[in-house]
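Protein chains in written order, with this note's numbering: chain A, 43 to 217; chain B, 2 to 351.
Just so you know, these hints were derived from the structure itself, not from any lab. All values derive from a computational prediction rather than experimental measurement. Hints may be right or wrong, so weigh each one.
According to the in silico footprint, chain A covers these stretches of chain B (three or more CB under 8 Å from chain A) [to be verified]:
| # | stretch |
| --- | --- |
| 1 | 126-133 |
| 2 | 136-143 |
| 3 | 159-166 |
Facing chain A, a subset of chain B residues (Cβ under 7 Å, in silico) [what the hints assert, rightly or not]:
| # | residue |
| --- | --- |
| 4 | Val75 |
| 5 | Val146 |
| 6 | Val150 |
| 7 | Trp154 |
| 8 | Gly197 |
Don't be surprised by glycine CBs; every beta carbon is placed ideally from N, CA and C.
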Amino acid sequence: MALTLFFLFALIAVAGAVNLLIQRHPIYSALSLVTVMGALAVEYLLLGAEFIAFIQIIVYAGAIMVLFVFVIMVLNAGEVAGEPRSRIAAFLGLPVLTLLGILLVSRTAAPFAATRLGTGDYLVQTAAVGDGLFHAYLLPFEVTSVLFLVGVLGAVVLAARREEPKRQAKAAGAK
Amino acid sequence: MPAGGLRRCGRYEMTTLAFFLLSLVKCLVVLFILLTAVAYIQLAERKIVGRMQARVGPTRVGPFGLLQPAADAVKFILKEDLIPDTAHKFLYVLAPMLAVVLALLSITVIPIGGDITLFGVHTALQITDLNVGLLLILGVTSLGVYGVVLGGWASNSKYSLLGSLRGGSQMISYELSLGLSLIGPIMLAGTLSLRGIVEAQRHLHWFILPQIVAFFIYITAAFAETNRVPFDLPDAEGELGAGYHTEYSAMKFAMFFLAEYVNMITVSCVATLVFFGGWSGPLFGPALLVAIEPILYFLAKVFFFLFLYIWVRGTLPRFRYDQLMGFGWKVLVPLALANVMVTALVVAWR
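Between the sequences and the hints, there should be enough to build the whole structure, so can you do that?
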């Protein structure tokens, strides 16, 4: 039952990702990505990671993708004309994809077969996640948070710099 | 409970079929109660706001206007369902459905009482008791933005787009303080399960006492999340027509309407469960009364918050947009963060 659901939602995730590429209108692409995020959350849930599953929904589907949709709306972005097809991609795309697929499966299938996928058998308690984050992986966790902070600061600096000449001009005009 | 321990899903042992049937029955019962409640809260709102404005509200349909909701429902069903020519059809139809489904989803984790035994079946008064129930509610709330944003955008009209931009940015901004305000009680209770939070308050005291700051942040942010007065800028009728649902008519409009009221009920339930001890209260009298009292306490508390919604609507004026954003980001978020810090220090100290 759980395994069937697992593969069903894996299929939905892949279909959403393909649809993301096919759609011409950015808003439909963004919504396909939301579907992918939702399907991934269900996969986490089926693997017993309920905390991660809901955080996935809250952070990716509920915050990040909302901002994407918002920006698309504000810019009122319309349909995008198809990119000119690359001749190299047309000839080499399928063979290289097949090759990569074979490589991926042959490399990862053995370890997967060794570890039994425990779908629907157990749940990881939220307390255990916190325990891991703040004891075993405290340093990586804190370093990652600093990395995010740097990213935010960078974005603020970039945004502020672009607006500065305008503000100075406005101030000069006011004088 | 050992950290990192494994456990079987479900609170009680039963066969899959029995579990499925029981859940189905519970869903139907909850849906029926919920839709009836929405209809009559809406009637109550019209009556109470009417009285506050020296009017009488609806009185014509049935005794005291009690059949008014039925008349409204018939009207919604019979009205012509318009879809503007320039609208993005798929998203235009999808948006109200999304709003309603997401609103109904969060009710599944709300417990309205302790365990009961009915016709030999022992069950909890709740559709499902998730370990991370509160996270589900926050997740569904964060997805609720899509209904508003897509509805306004797909209508392809200036009023709708402006309404949905306002609504979207308001909901994103206040969602943050909403989530942060709940962290204090979560830390005190040590669990994310709504049932667990209520149990924790039964042993201690209601979390409104130590978390009064968090409560006011929660109730303010929740009013903004549900787009109600004084934060009803997305559908400020003087400026934007009806905001993001300007172009919607008949059942599609009714779905947005339904979503708004179901969200109000969810917010009131969460406030009751997290800050006011849920169904706890003094038990007295014969056995039958003792069995019903918890549910009555819960309903009374929820109705108090619903009345608060209506009361505020009849009393307060609307915020200006810059005031709304300034208040959300410069007052509520820092205050909520400070509350989290202080609570964390106190919990660590104990």
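Each hint tested on the structure:
1. 126-133: Since three or more residues must qualify, the claim that chain A covers the stretch 126-133 of chain B holds, with 3 doing so at under 8 Å.
2. 136-143: Coverage by chain A holds here, the residue count being 6 at a Cβ distance below 8 Å.
3. 159-166: Our answer is that it holds, as 3 residues pass the Cβ test (under 8 Å) against chain A, meeting three.
4. Val75: violated, 34 Å
5. Val146: holds, 5 Å
6. Val150: Nearest chain A Cβ about 6 Å off; hint holds.
7. Trp154: The hint holds - B:Trp154 has a Cβ within 7 Å of chain A, the shortest such distance being about 5 Å.
8. Gly197: violated, 11 Å
The earlier numbered hints that this structure contradicts are 4, 8.
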